[in-house]
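Go ahead and model the full structure; you've got the sequences and the hints to work with.
If you read the sequences in order, they're chains L and X. Reading the first sequence from the start, the letters are residues 1 to 431 in our numbering. Reading the second sequence from the start, the letters are residues 1001 to 1523 in our numbering.
In short, the hints are calculated from the structure, not lab data. All values derive from a computational prediction rather than experimental measurement. Certain hints may be false.
[To be verified] Below, computed lysine-lysine pairings styled on DSS-like, alpha-carbon distance capped at 27 Å:
#  : chain 1 : residue 1 : chain 2 : residue 2
1  : L       : Lys-316   : L       : Lys-163
2  : L       : Lys-328   : L       : Lys-381
3  : X       : Lys-1430  : X       : Lys-1420
4  : L       : Lys-189   : X       : Lys-1220
5  : L       : Lys-381   : X       : Lys-1220
6  : L       : Lys-189   : X       : Lys-1178
7  : X       : Lys-1212  : L       : Lys-189
8  : L       : Lys-381   : X       : Lys-1219
9  : X       : Lys-1178  : L       : Lys-431
10 : X       : Lys-1178  : L       : Lys-163
11 : X       : Lys-1114  : L       : Lys-431
12 : X       : Lys-1430  : X       : Lys-1416
13 : L       : Lys-163   : X       : Lys-1114
14 : X       : Lys-1079  : X       : Lys-1069
15 : X       : Lys-1364  : X       : Lys-1420
16 : L       : Lys-431   : X       : Lys-1255
17 : X       : Lys-1254  : X       : Lys-1244
18 : L       : Lys-144   : X       : Lys-1369
19 : X       : Lys-1244  : L       : Lys-431
20 : X       : Lys-1114  : X       : Lys-1079
21 : X       : Lys-1255  : X       : Lys-1244
22 : L       : Lys-163   : L       : Lys-189
23 : X       : Lys-1079  : L       : Lys-163
24 : X       : Lys-1114  : X       : Lys-1093
25 : X       : Lys-1091  : L       : Lys-431
26 : X       : Lys-1420  : X       : Lys-1369
27 : L       : Lys-144   : X       : Lys-1091
28 : L       : Lys-189   : X       : Lys-1255
[What the hints assert, rightly or not] Calculated Cβ distances over 10 Å to all of chain X for the following chain L residues:
#  : residue
29 : Gly-80
30 : Arg-99
31 : Arg-134
32 : Glu-142
33 : Asp-183
34 : Phe-185
35 : His-206
36 : Val-232
37 : Glu-244
38 : Gln-268
39 : Gly-272
Beta carbons: idealized from backbone N, C-alpha and C, even for Gly.
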Amino acid sequence: MVNYGGDEVSALVVDIGSSSVRAGYAGDDTPKAVIPSSYGYFNNPPGGDVSMENGNSGEPKSAYSQIFIGQNGPSTWRAGMEIGNPLQDGLIHDFDSARSLVEHALGDVMRVNASEHPILVTEPPWNTPANRERMAEIMFEEMKAPAFYIANTGVLNAFAAGKGSALVIDIGQSMASVTPVVDGFVLRKGLATSSIPRLVHSHAHHFLSNPTQTRHAIDLYPNQLIANRLPVDPGAPPRFNLREDRLAGVTQSWKAWYEAREVDEWIQSVGGVLEQGWNDQVAASRPPRQYEFPTGYNNYFGHDRFAVCEQYFFQKPHFVQSNATAPKTIPSLILEAFRTCDPELRQVLMGNVVLTGGGSLLNGFSERLASELSRSFSHVKIHAPGNPTERRYGGWLGGSILASLGTFHQLWISREEWQEHGTAIVGQRCK
Amino acid sequence: MAASASDIRSALSIPSQSQNPAQTPAQSKKLQAQSSRKPDGISRELYSLIGPSAPSLAAQLAKPKLKQKPNLGSRSVVKWEWRSFTNGARKDKLQLGHWTKAATDVNADYPFAKYNVQSTPYIYTDEEYTQYLQDPEWTKEETDFLFNVVREFDTRWYVIYDRYDFQGGPARSMEDLKDRYYSACRKLIRNRPWSGDEASKSSLLASFHFDKEREITRKKYVASLENRTPDQVAEEEALYIEVKRLEQSERKFKKDREDLLRVLSGVESGLPDVLEDESPFNNLPIIDTKKKRKGPSSGFLPTDVDSPTSASNVIALDPPIVRKPRDPKSIAYDAQHCIIRTDLPPNVQATKAAHHPAFMRSFKLPYPKAALAPRINQIFAELGINNTRLVMPTRDNCARLEGLMEHISALVESKKVLDKLEYDIQVAKKRLGIRNSEDREGGGGGGKGKGVGIGSAMDVDEGDADADAEAEEESVRDGRAQSIVSTKSARSRRPTRRSMSISSVDTNATASARASNKRKFRN
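Given below as structure tokens:
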């Protein structure tokens, strides 16, 4: 066991992302529990607030009367159910529900007692010190963990690729980031983030829900609201019946959630990027892909499936000019990260580009990135795991590797240290 | 059934097991025990008939069996147990658990604790700071902060520079930080009492050496290298290939030129070998980079490359060789031992091309002209000298042989001319004689005179034919079957005084040459 440096102490690794929460044992290659980060809830009845104020203030109380987490959480229709997500721009802003998610993943899915295992939690590179201290507090005070560590997803993605120094390009559900990692440390000055995935998503949403010259607007109803449907020819108007009984109970947040999910499914199924940069002829020459929506409407998408995802790499100049706050494209993020880096480091980083995140699984994404980079840099080497699981859960995988190393166990923040030093220890230990 | 297995065996003349004398009693016993056990699926009577020698049949008749289970019980099972441990690299008493072999020592140190190697940080006291480390650019607080950050990140300067934010201090570059840290460390090392020897101290000092200006220029250079446009990179690569190509063609040209010179002038002609300049492009990359720095857009013409090297392309004939006056003693020694020294011109480099391999002097003997070779060889044979192989090819002998050969060829040439002239004279005389006789006879006896005239004309024709044949003979025998002697014998049909005199000259020359050669060989 000393031979490969591993020493498993049955640590747990929890990776909280915008789309899903991943949890599992350190040393495994895939997380045991993957649950959606979105959850359904019912607001407290007006009386609930009163009871909370009267209740014991030391006891953490949920703001919701009922919360639905996991596989049957947000995706199940419930009359009047709202949908929430504890993350905003990749950062946790609602720690109560984040804790509920972690508790569900560990307790209900993995069936482990969090108080018996050291827990490693991930954080995005742009996490705030207050956030990580709050996370440590939850782990020690509420989950009663014996030891805790919070590690950066940029570093963990580099570790998952087997690199100590790397330029990590992480395309998540809501955020894209370019993180220079040197010797296992994030260079904070070189960190560049943007919400380009959300822009692509809203573009796709706009494209689908608005009529074009050749088709009508597409209804983005989920399967949960459809009573029956008939098969139709591609491009023909759909023939389906809605479940009128359920329509009344659909809240705005659930509608937004299911529409976003339909759009995401469409992007993931048909979306793609042209490998050699945008070219109308090439886009037109690519075979169109058929996609069927839950309503039964189906059509072939050719040019548009590339045009939507092209936003990742190129934005029309007039769009950028009119929107000063428009999120940056991936190449401009990389340039920004590079500008702040030492010239000596650039060569090292370019030779160790790690592409990760579920968003990077778009068709042709890594090839396009390679062609974009080789245009302005020489000797570019991109590490993009072909295995989709590794790409999606790269951060978790790196955490799993890190927490199973024998030399890592001296870095855990123990309960004893937490009690002695308080929140300051988090910043000292987790650099 | 009365027939037993042994009966069958004897009938089939199979040797009985017990008849084998080599078997020990124990073995036979074992075999008997084996044979006595009847396999399944075969009747006892049949078995007693055929004995144990029908295993294939028995195997088919036997009931199918499951594969035998692997025997795992023989090895002892390694026992593992869940054990909590404390990590020696930790300052607290955190108990973590892991699976270990139960045989390992419970109180052993955590195996990974030994990897927790800390670098020794430099810490200074307030006194030391005020004494050595004062710097107008740096306050003590900032220096303290810097040393803390350096210790925290184990001198990973990229990370230190990234995380360095001293409140209220000026913006520092990585070189500033490094310079301050290393110079402070150097001062501390110099001024602290040193327990070890001077060498280790100086090596430690050298390890803390940092040249800020040099580092900044280097970084600038790296940045400028990074900022090249793809066009510039491509141009640079093209230039590099071009230089390589030119270098190659230059080398080829040189080689060709050298070969040509050798062929034209010959090694023996005394023309010194052409000096080969091995590396005309040694200075080229510098020129190239200079050009690059001046302006990336400046065109790069091949003539630019040629011009600096063309000077070396000029064939440099060596100045006349000045022989150094040599020690008379060594001259005497050389003469005694027949040593002849060939001095190399002093300014010729000892290059490969200038090198003369060792050769046999006799190989350099001149050959007679092809047209005259057989006659010359004939004369040599007459003289009893083998001109192709000297017994003792000393320098003098070679020179003499060469001279002799020249003389012989001159002789042969002149004799040939003489023969021609002689013949012409003869013909002319004959014609004169005929004319005179015609004049004497006058007009009488015209018919007879005519006949005689015809006859004499025939004679002349004959003589012409003869001369023609001879000429032909000569031209044909340029390949040299015929010798001078045979020619002489042909001439002897109409001997003349002059030809006699020639032959006498010949013999004289031969005699003298022989005598001189004899003298030579005795040397």
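Results for each hint:
1. L:Lys-316 - L:Lys-163: It is violated: about 36 Å lies between the C-alpha atoms, which goes past 27 Å.
2. L:Lys-328 - L:Lys-381: This hinted pair holds, its Cα atoms lying about 23 Å apart.
3. X:Lys-1430 - X:Lys-1420: OK: Lys-1430 (chain X) and Lys-1420 (chain X) at ~16 Å, within 27 Å.
4. L:Lys-189 - X:Lys-1220: Judged against 27 Å, a Cα distance of about 20 Å means the pair holds.
5. L:Lys-381 - X:Lys-1220: At roughly 25 Å apart (the allowed maximum being 27 Å), Lys-1220 (chain X) and Lys-381 (chain L) satisfy the hint.
6. L:Lys-189 - X:Lys-1178: holds, 18 Å
7. X:Lys-1212 - L:Lys-189: Holds - the C-alpha atoms of Lys-189 (chain L) and Lys-1212 (chain X) are around 23 Å apart, at most 27 Å.
8. L:Lys-381 - X:Lys-1219: The hint holds at about 23 Å.
9. X:Lys-1178 - L:Lys-431: holds, 21 Å
10. X:Lys-1178 - L:Lys-163: Given pair Lys-1178 (chain X), Lys-163 (chain L) holds - Cα atoms ~26 Å apart, limit 27 Å.
11. X:Lys-1114 - L:Lys-431: Satisfied, since the Cα-Cα distance of roughly 22 Å is no more than 27 Å.
12. X:Lys-1430 - X:Lys-1416: The hint holds at about 22 Å.
13. L:Lys-163 - X:Lys-1114: Holds, at about 23 Å.
14. X:Lys-1079 - X:Lys-1069: holds, 23 Å
15. X:Lys-1364 - X:Lys-1420: violated, 35 Å
16. L:Lys-431 - X:Lys-1255: violated, 66 Å
17. X:Lys-1254 - X:Lys-1244: This hinted pair holds, its Cα atoms lying about 15 Å apart.
18. L:Lys-144 - X:Lys-1369: Violated. Lys-144 (chain L) to Lys-1369 (chain X) sits at ~115 Å, over the 27 Å cutoff.
19. X:Lys-1244 - L:Lys-431: Given pair Lys-1244 (chain X), Lys-431 (chain L) is violated - Cα atoms ~51 Å apart, limit 27 Å.
20. X:Lys-1114 - X:Lys-1079: Holds: Lys-1114 (chain X) and Lys-1079 (chain X) sit about 26 Å apart, inside 27 Å.
21. X:Lys-1255 - X:Lys-1244: holds, 17 Å
22. L:Lys-163 - L:Lys-189: Measuring from Cα to Cα gives roughly 20 Å; hence the hint holds.
23. X:Lys-1079 - L:Lys-163: violated, 36 Å
24. X:Lys-1114 - X:Lys-1093: The hint holds at about 17 Å.
25. X:Lys-1091 - L:Lys-431: Judged against 27 Å, a Cα distance of about 18 Å means the pair holds.
26. X:Lys-1420 - X:Lys-1369: Holds, because 20 Å separates the two Cα atoms, which is no more than 27 Å.
27. L:Lys-144 - X:Lys-1091: holds, 21 Å
28. L:Lys-189 - X:Lys-1255: violated, 59 Å
29. Gly-80: At roughly 46 Å from the nearest Cβ of chain X, Gly-80 (chain L) sits farther out than 10 Å, so the non-interface label holds.
30. Arg-99: The claim stands: Arg-99 (chain L) keeps its Cβ more than 10 Å from every Cβ of chain X (closest is about 23 Å).
31. Arg-134: At about 22 Å from chain X, Arg-134 (chain L) clears the 10 Å cut-off, so the statement holds.
32. Glu-142: Consistent with the label, Glu-142 (chain L) stays out of reach of chain X, its closest Cβ about 20 Å off (over 10 Å).
33. Asp-183: It is violated; Asp-183 (chain L) is separated from chain X by about 5 Å at its closest Cβ, not greater than 10 Å.
34. Phe-185: For Phe-185 (chain L), whose nearest Cβ neighbour in chain X is about 4 Å away, the distance does not exceed 10 Å, so it is violated.
35. His-206: Its Cβ never comes within 10 Å of chain X, the nearest being 36 Å, so this holds.
36. Val-232: Given a closest Cβ separation of 51 Å, the condition holds.
37. Glu-244: Holds, since 57 Å exceeds 10 Å.
38. Gln-268: Nearest chain X Cβ is 34 Å from Gln-268 (chain L), so the label holds.
39. Gly-272: At roughly 27 Å from the nearest Cβ of chain X, Gly-272 (chain L) sits farther out than 10 Å, so the non-interface label holds.
Figure legend: structure checked against the earlier numbered hints; hints not met, in rising order: 1, 15, 16, 18, 19, 23, 28, 33, 34.
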